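There are 2 protein chains.
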Amino acid sequence: MNELLDYFKKNVSIPAEIENKLNEIIVEKKLVKGEIILADNSLKKEHIFVVSGCLRSFYKTEEGKEYTIQFAIKNWWISDYITLYTNAKSIITIESLTHSKVLILDKNKTDELYKVYPPFEVFQRKNFEKRTATLQKRILGLLTLSAAEKYNQFINDYADFEKIIPNYQIASFLGITPQSLSRIRKEKFKK
Amino acid sequence: MNELLDYFKKNVSIPAEIENKLNEIIVEKKLVKGEIILADNSLKKEHIFVVSGCLRSFYKTEEGKEYTIQFAIKNWWISDYITLYTNAKSIITIESLTHSKVLILDKNKTDELYKVYPPFEVFQRKNFEKRTATLQKRILGLLTLSAAEKYNQFINDYADFEKIIPNYQIASFLGITPQSLSRIRKEKFKK
DNA sequence: GTAATTTATTACCATAGGTTCAGTTTTAAA
DNA sequence: TTTAAAACTGAACCTATGGTAATAAATTAC
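Quick mapping for you: the protein sequence lines, in order, are chains A and B. Per numbering that gives the first Met the number 0, the first sequence runs over residues 0 to 190. Per numbering that gives the first Met the number 0, the second sequence runs over residues 0 to 190.
These aren't lab readings, by the way, just hints derived from the structure by calculation. Fair warning: this is a prediction, and the values are worked out from it, not measured in the lab. There may be inaccurate statements among the hints.
Straight-line C-alpha distance at most 27 Å; calculated BS3-like pairs for lysine-lysine [unchecked claim]: (1) 43/A / 114/A; (2) 125/B / 28/B; (3) 73/B / 136/B; (4) 8/B / 114/A; (5) 125/A / 106/B; (6) 106/B / 28/B; (7) 44/B / 129/A; (8) 162/A / 73/A; (9) 43/A / 125/B; (10) 9/A / 106/B; (11) 136/B / 108/A; (12) 114/B / 8/A; (13) 136/A / 64/B; (14) 129/B / 125/A; (15) 20/B / 100/B; (16) 129/A / 88/B; (17) 88/A / 136/B; (18) 32/B / 59/B; (19) 136/A / 106/B; (20) 136/B / 43/A; (21) 136/B / 125/A; (22) 43/B / 125/A; (23) 136/A / 129/B.
Given only the sequences and the hints, what does the whole structure look like? Please build it.
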């Protein structure tokens, strides 16, 4: 009864003893709206898998400005990849935008799992490949597009998110101010 | 006598038959300065590993503006991750900035290798994890930093590249114009 | 249902960085 | 070595987007 396993099992079968191991590693957690699952300044190394709801990761400056790194819905992973794969302390926060359910996989335990059950390694290698493509696309968008173009791309690529996410957070994802986004929306929707 | 294998072997030993397989998959190629190894509009799916020299991947608009996605030196991978992991045609070009030597791994053959030799899968999963962290950092920089700050970060993080790479390409990596970079450098070095 | 808080919009001004174009220096080619 | 091409710098001007501030709308809390 674990959604990550269901998702995973679409591709491979899981021996009973491995399924037990997986159930031991995977910790289910329910989050309320606004709840923070990973605070900045922490050293916690965890993979987070979204079962339902919507989460976002963001960086907050000393002056209180927020920059959204990622949004994640059903079947997406969200983590602070810098903390996970370097020894740096977390500078980002992960919060739940809605009531949501996530699965948390401790990094060390996951590394063990990779050893005893290679198909999970394959599964994750493929995940990371896809993520790399997504991130490359994001970088290209940030480099090449105007504010309005970035917003249009967002609306296209993240149609499912648009209704859930407040505009000021979309702006912080695109690297523009809420005022700019407002201006853009006015232009866009008057037509 | 293969540098990727040397690099890889630091962590694991390779059975003889697998080493043969690897040598069959891995194609060595020497590039001259300016040579293009992956053209845009192609569907070629390859992993490229840099043995020596320096390469860069970039996107070029119809008007001829270039946006650099990545630079890569010794022991880095460089590819068009969008073409590799989606069915989209390549919109980026990969060129050699210096005389260089690369190893090319065809995607399909590499996928076979993963199957017969799981340690290579582990090796690549870890590579991709690191890459994800690097890309997250880049995105954060693009979102939060001013042109001058981005340049300073670049100088810090890519010290080895700085002497090799022309300024206009650094500018295209940072998402600013060569003129802007010139202005910034003037300020920076007059102090 | 009302008050309090958060989010979104609008307007007006400020500015970082883009554009254009000219001049100079460096690199490559012949 | 000379010439041509590419890269870099500089300055004047322009524009997209940011900053600030005030208002309105929408959510949330009581």
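Hints violated by the structure (numbers, ascending): none
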